[in-house]
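Could you put together the complete structure from these sequences and hints?
One line per chain: the protein sequences are A and B, in this order.
The working numbering puts the first residue of the first sequence at 1, with every later residue one more than the last.
The working numbering puts the first residue of the second sequence at 213, with every later residue one more than the last.
Hints in this document: simulated from the structure, not taken from any laboratory.
Don't take every hint at face value.
Covered, in the sense of this in silico footprint (three residues per stretch, anywhere, with C-beta under 8 Å from a C-beta of chain B), are these stretches of chain A [stated by the list, open to error]:
| id | stretch |
| --- | --- |
| 1 | 88-102 |
| 2 | 167-175 |
Some chain B residues judged to face chain A by a derived CB distance under 7 Å, without partners named [said to hold, decoys possible]:
| id | residue |
| --- | --- |
| 3 | Ser287 |
| 4 | Asn358 |
| 5 | Asp360 |
| 6 | Glu361 |
| 7 | Pro364 |
| 8 | Glu439 |
| 9 | Val731 |
Just so you know, even glycine gets a beta-carbon here, dropped at the ideal spot from N, CA and C.
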Amino acid sequence: MKRVRTWNRTLIVTALAATTWLATMPVDAADAPKVGQPAPSFTATDVDGKSRSLSEFKGKYVVLEWHNQSCPFVKKHYESGNMQKLQKELTAKGAVWLSVISSAPGAQGYVTPEQEKAFLAAQQAVPTTVLLDPDGTVGHAYGAKTTPHMFVIDDKGVLVYAGAIDDNPSSDAADAATAKNYVRAAYDEAAAGKPVTTASTAPYGCGVKYKN
Amino acid sequence: MGGSRAIVRLAVAAALVAGLVTGRPAEAIPVSAKHVDVELVADTAAAVPGASFRLGVRFVPEKHWHVYWKNPGDSGEAPRIAWTLPAGLTPGEIEWPTPERIPVGPLVNFGFEGETLLAAPVAVAHDVAAHAALDLRAQAKWLVCNQDECIPGGATLALSLPVGTVAAPAAPAIAELFSATHKRLPVASPPTVRVDATAEGDHVQLAVRGVALTGGAPPFFFAADREALDPSAEQPVAREGDGFLLTLTPRTAAPRTLAGVLRVGDRAYTVATPVAMTSGSSDASVSAIALAFAGGLLLNLMPCVFPVLALKALSLVGLSGAARRRVRRHGLVYAAGIVASFWLLAGGLLAARAAGAELGWGFQLQSPTVIAALAGLFFWMALVLLDVSQIGGSIMGVGQHLTTGDDDRAAFFTGVLATVVATPCTAPFMGTAIGYALGQPAPMALAVFTSLGLGLAFPYVAVTWIPALASKVPRPGAWMETLKQLLAFPLLGTVVWLVWIASVQAGPQAVGAILTGLVLIGFAAWVAGRFRGIGARAAAATAVAIAALLAFGIRPIDGPSAAGARTAEGGIADAAFEWESFSTARIAALRAAGRPVFVDFTAAWCVTCQVNKKVALETAEVIAKMKQLGVVAIRADWTRPDVEITRALQEFGRDGVPLYVLYSGKADDPPSILPQILTPTIVISALEKLESVELRRSST
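This is how it looks when you write it as structure tokens:
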């Protein structure tokens, strides 16, 4: 009987190998950067005039939040307190939170460092810092489309989440509390060493007001 | 926003006053919000009981401002409209006009610049009192944007509509708006137009046939689902045959299904199609052939095939030197027998298809005569294994040394037998591959069936050709006899299952006939094993002939599926949970009414289906979840031939059961397809996805 089992096992192993081969056939997206690959490096000036780059946060989780304080979708998450709550929660766990403003000078959402500081104070927002990206260099490197558009980078510098902040693409502040927050879920799973269940979603919000 | 609220209140008050005065035409007061004027309008000046009319929200954005389509594209947000209508009025889904592609910097939005009407049909019940005026309300929320900024807005809109006995024309400007909007609605594509989607590498190819490319804007596909495609990606077009190819770019991975609107020139068609998956950069046929091979391999493990093959492997025990060469030849002839049988099956299936019959894999099991014959065959095989009979034992490799001159013939028919006993089983992957094959030209279909046969033959051929594997086959001994007899019992189990299928298909008479036939086969086997000579052979042959006649005499009965489906009025939430019979019209009606629908495509002869039913679909937790969400459960029973069900399966690119389809309550959502192997968790999480959509909608 033992050898019959061996024969049987050979069959199963062959079948499984065939199955695995079929299951791993590649289906990829065209968008850069890809989740599961190293996050693009960048250097930008923050609201305090300091030069910051992704490499200085190696070993930490980094959350990128594309930001435009005049966009109704961004207002939804700040006026409801949803964004600040997430900032407090994740930075308390050791993550770095970078808000990025890619609005071109003269376009909606473009702010001076002082205007942004006033906004942060008024909203009691607590990102690690805010990056000013009026040329859109960082925005284009990440393919940021909307405000908000969220990215989570793990402690090894790999992009583990890209997309919407949550699963309710509305501009209504009341929806923020009931929606499923993808960023929190991605951070929690990745930090626990698990694969991220929802790693890529369609971002929603206002278009990023890039320089033409 | 305070200003607009005051205006809304005024509008509502005015509408209420108007409503009290009978005989006055429809009246509404437009709301002027930031950058857009909004108004509730109807395509008639009087609602007629028993008829229906269209009610819509008219948006007039300022120049260069726009509102959005149901999928807003890269940014933005679709308008939301919640109706509040008097009793007796039932609104349908919003009919979204074909959107425009609005580039905003590097992004692309889908929406409407200029005057836009988002209207829905409203059914008026017979018992709505004439002379009353109807107070119609809509809570509208929208986002209006230009190239630089976006402004959210909202208003409660009101319209007072008199009830009359005949429809009265709406104001000319409004009537013109409804008629212009009607022309902008996408329509179902005519039967001459065919749209197929295939995933190829990073892209999805949309093949459109039967539509000539004309001048004007290039064709564009607007996906209904935000997550499906990258809105800003170009959609390169290439002429092909009597149509064209459109290359679409998914946001991440290629979606399973594509639903949306295809704009070609000044026409627009609604499209809903499954996306055929291919292996990376090559085409679908390679994938189907690979799937067929995997399916064939797995068939070896199915309970109907495994006993036969296990015995074949045992027949190799103790062979050496010269015998080994014979064994190799034996393996190849066996493979040839399998492949030839599959060709025969494929040929029959394709010929029947060409003659216009609606067939799919498993069709052979829709005939109770075939079921009876298979039951007889399995019963006989069990008798051989239990040593009641020796007739035909060589084919199964029982107690034979492979040294006789009948070698090749025995090997070939072992292959045939393996195929025949495999027919009641469908292994994973097989359904997809065969479904694909039957839609292809004959050479491709034959290639898939060949691959299936080779997959089935592979393990035995491997054992005969690779000495290392053959040496793993154990030494002969008394255990072989024990194992051989033990393997009779899975076969007897299969007989019980086949008899049960026949009882569903053809009722108690059939069961009586089949069981009588089995007794006759048992008698024949006993006579042939016990006595020698012409008389014994004649007696055995007569018994088998009578059994065959009994099998041919079985006629299917009309089952409960002929009974009509339940009417639309039946409330599922209150009634005990029950499965409705399949009807395409019923599903369409339920979807139009916003009800989520679960369809179970099944058959009594499909083991996977029966297992799924017991372990997942009919568990208390799944039923409770379906009840809670008001899901209407429909069972498409394919035990007997059914053209409507065959067509429905084909629409999902399938040619056999099981197939599980879940429609959300939203008419435009593409249906989700559940895996072929179900657990309660799989079903419940699929239902919960529906629930979260439901909650989201009710919270807005």
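Evaluation of the provided hints:
With a threshold of 8 Å between beta carbons, the proposed coverage of the stretch 88-102 of chain A by chain B is violated, since 0 of its residues qualify and at least three are required. Check on the stretch 167-175 of chain A: 8 of its residues sit with their Cβ under 8 Å from a Cβ of chain B, so the three-residue criterion for coverage holds. Here the hint on B:Ser287 is kept, as its CB sits about 4 Å from the closest CB of chain A, short of 7 Å. A hinted interface residue such as B:Asn358 counts as satisfied when its beta carbon comes closer than 7 Å to some beta carbon of chain A; here the least separation is about 10 Å, so the hint is violated.
The closest approach between the C-beta of B:Asp360 and any C-beta of chain A is roughly 5 Å, which is under the 7 Å cut-off, so the hint is satisfied. Against a cut-off of 7 Å between C-beta atoms, the interface hint on B:Glu361 holds, since the closest Cβ of chain A lies about 5 Å away. For B:Pro364, the interface hint holds, since its Cβ comes within 7 Å of a Cβ in chain A; the closest pair sits about 5 Å apart. Interface hint at B:Glu439: satisfied, since its Cβ lies 5 Å from the closest Cβ of chain A, which is below the 7 Å cut-off.
The interface hint given for B:Val731 is violated, since its Cβ lies 33 Å from the closest Cβ of chain A, which is over the 7 Å cut-off.
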